[in-house]
Amino acid sequence: MKLLEYEAKAVFKEHGIPIPLGHIIKSPEEFSGISGKLPSDFVMKAQVDVGGRGKAGGILMADRTKGEKIARELFAKTIRGIPVREILIEERLEIVHEYYASIAVDRSSKQALILFTESGGVDIETLARENPDAIRRASIPLLMNRIPPFMMRTLLGSAPKELGPVIQNLYRVFLSRDALLAEINPLVTTPDGPFAADAKLIIDDNALGRQGITQNRDLTDREREAERHGFSYVELSGSIGVIGNGAGLTMATLDLIEYYHGKAANFLDVGGGADQERVMHAVRLVAADPSVKVIVVNLLGGITRCDDVARGIISADINQPVIVRLAGTNEDEGQKILAGHGYRMLDSMEAAVRAAVEAVQ
Amino acid sequence: MIYGDKQTGIIVTGATGKQGAFHITLINEYARAVGGRGVVAGVSPGKGGQEIIGVPVYNSIRDSLREQDASAAIIFVPASAAGDSIMEAASAGLSLVVAITEHIPVHDSMKAISFAKLNDCSVIGPNCPGLLSPGEVKMGIMPVHLSSRGNIGVISRSGTLTYEIVDQLTRAGLGQSTIVGIGGDPVIGQTFADVLKKFEEDEQTRAVVLIGEVGGSLEEEGARSTDLPVAAYIAGVSAPPEKRMGHAGAIIEGGEGDARSKIARLKAMGVPVASRPSEVPSLIRKLI
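Chains as they are written, first to last, in my numbering: chain A, 1 to 361; chain B, 1 to 288.
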């Protein structure tokens, strides 16, 4: 789950990373309450989780006289489709230089990857493509609780030594918060020392519980309902509903739909243990999407009981046709139950997908 | 076969849980059918002295090794304790850990995998179906009836998609040497490259199927590392960009991790890539 900038900054501050003085407001009316505490010039930053926020007009310079008017403008906006609900008001920093520092989970090394560049404030992806040598990197095993001095020297090069403690503390944030990514871009130097001018923190969804986070905000309502049932669900734009077991098989089902020039309406992985009740909930969830014209169910497992799955499909009692590919135990009985209710059961995912694509054409 | 054979003694942690107990039954049914040793001990802290489906239960892996001869562990304990269980197995001197558990916090996995490496212990998974060498040994949860013995190796990040492709191979008369589910998590122990190295030393294996998906670059790294003939299938060509598994590593490499660029890189290395699971057998047949 991605934290918003001000939430990430609060975590950074707890771990000793200097951040600009700031206030959060949730409506234009709250501006007057804090304006007395503000310096004459400041920055107003929409708290939305989108890239390129500045370019999309989400970051504006202001002063005390214009602050409330600009707050109203910002709250009325959507930034790349996301409505603005909170604004972070921050002091303006006297920036000497902009750097970049991040720590991320790296699949290839199975360690944390620390990146640092003296060309901060730019899009790191672009920099990596155009000038990869400008980025210094170091891998650190998570069994180490501090970045060792040699590694820090390698990362910093000739950059100011005062950045060392910031990166060390960023590693503490990374470790203590189960982060997938902890990033400061830009990390700025000023006459008053270094500051995290922006902050990004992504927490591992599998660690939300022990991080004291009860609800994953990144999910839509339907995705959250799916999560309650233990399903993985992603909404897409087509008309063929898809239910599978296992992420790989479900993804392959979507790919096959595309291969036969159809369009999937969703991705739903029921996970392990596809029993009657779970299948019923899955079918109802997918069928509740009005754009779904037909549903293809692709379940493969050694221990899946096809008769249970068939009963689950029947008991969902939906209007759209369901095309089923089922492999497991009691296949014949499952087929009989489905046929008795006018549903089709086919013996390969390929045949099931083709039938579904034909059904919507 | 790689990683284990009929002689391999297996310990199951989380043995008294629903999943653990259920799969001990299936693993030992298979072991009996092929004349192997199967699960020789279960471990559940506080339940030592009990017995589950004819298998003695111990409080710790070290306890079980005092009475039983085993070299591998299969982890079924819940996510919050699974990293600890992997480290316990490595610390007790086992050479292989198969971590079935899903939803382990990735930091726990990273620490446990590093720790296991320091103890010369290989980790398969987490979030994986384990492995199956048809006719030899099953260490995990794969259904056995779709497989057949032969000389095609299979390495996969997925569970059921593996069963689908193994089923297609079997129907086409292409038996398997060992099927390894390496896991769907971002950080896993044995990667495509590690398993391919094992297959290179395995006389039975003549060609290998790589079953990958969106995210990371382990498929390409594996294909680049081996001289064995390999064919691939990559799931997720239709995965929408905004839902892609994003992380800094993928961002830095620029476009890394989406299925189309992954497929393009594999093809550039001369690896045939199936556009549908059903195409895998014909691609493999051309390689052998």
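Among the hints, a few may not be true.
[What the hints assert, rightly or not] Not everything, but these chain B residues come out facing chain A in the computed CB check (under 7 Å):
(1) Val237
(2) Ser238
(3) Ser282
(4) Leu283
[To be verified] For each label pair, taking beta carbons as the anchor points, the in silico distance ranges come out as:
(5) A:Gln361 to B:Ser282: 35 to 45 Å
(6) B:Lys117 to A:Pro149: 39 to 49 Å
(7) B:Arg224 to A:Lys55: 35 to 45 Å
(8) B:Arg276 to A:Lys55: 13 to 23 Å
Simulated from the structure, these hints should not be mistaken for laboratory data. All C-beta atoms in this analysis are idealised placements derived from N, C-alpha and C, irrespective of residue type, glycine included.
Identify whether the interface hint at B:Ser282 stands, where standing means a beta carbon of chain A within less than 7 Å of its own. B:Ser282 check fails; min Cβ-Cβ to chain A is 14 Å, beyond 7 Å.
With chain A as the partner, please determine if B:Val237 meets the hint condition of a C-beta pair closer than 7 Å. holds, 5 Å
May I ask you to test the hint 35 to 45 Å on the CB atoms belonging to A:Gln361 and B:Ser282? The hinted range 35 to 45 Å is violated for A:Gln361 and B:Ser282, with Cβ atoms some 28 Å apart.
Should the hint that B:Lys117 and A:Pro149 are 39 to 49 Å apart at their CB atoms be regarded as holding? violated, 24 Å
How about B:Ser238: closest beta carbon in chain A under 7 Å, or not? holds, 4 Å
Hint B:Leu283 vs chain A: min CB-CB distance below 7 Å? At 15 Å from the nearest chain A Cβ, B:Leu283 fails the 7 Å test, so the hint is violated.
In this structure, is the beta-carbon distance linking B:Arg276 and A:Lys55 contained in 13 to 23 Å? Because 41 Å falls outside the window, the suggested range is violated.
That 35 to 45 Å hint for B:Arg224 and A:Lys55 (C-beta), does it hold up? With Cβ atoms ~37 Å apart, the hint holds.
Against the hints set out earlier in the document, violations occur for numbers 3, 4, 5, 6, 8.
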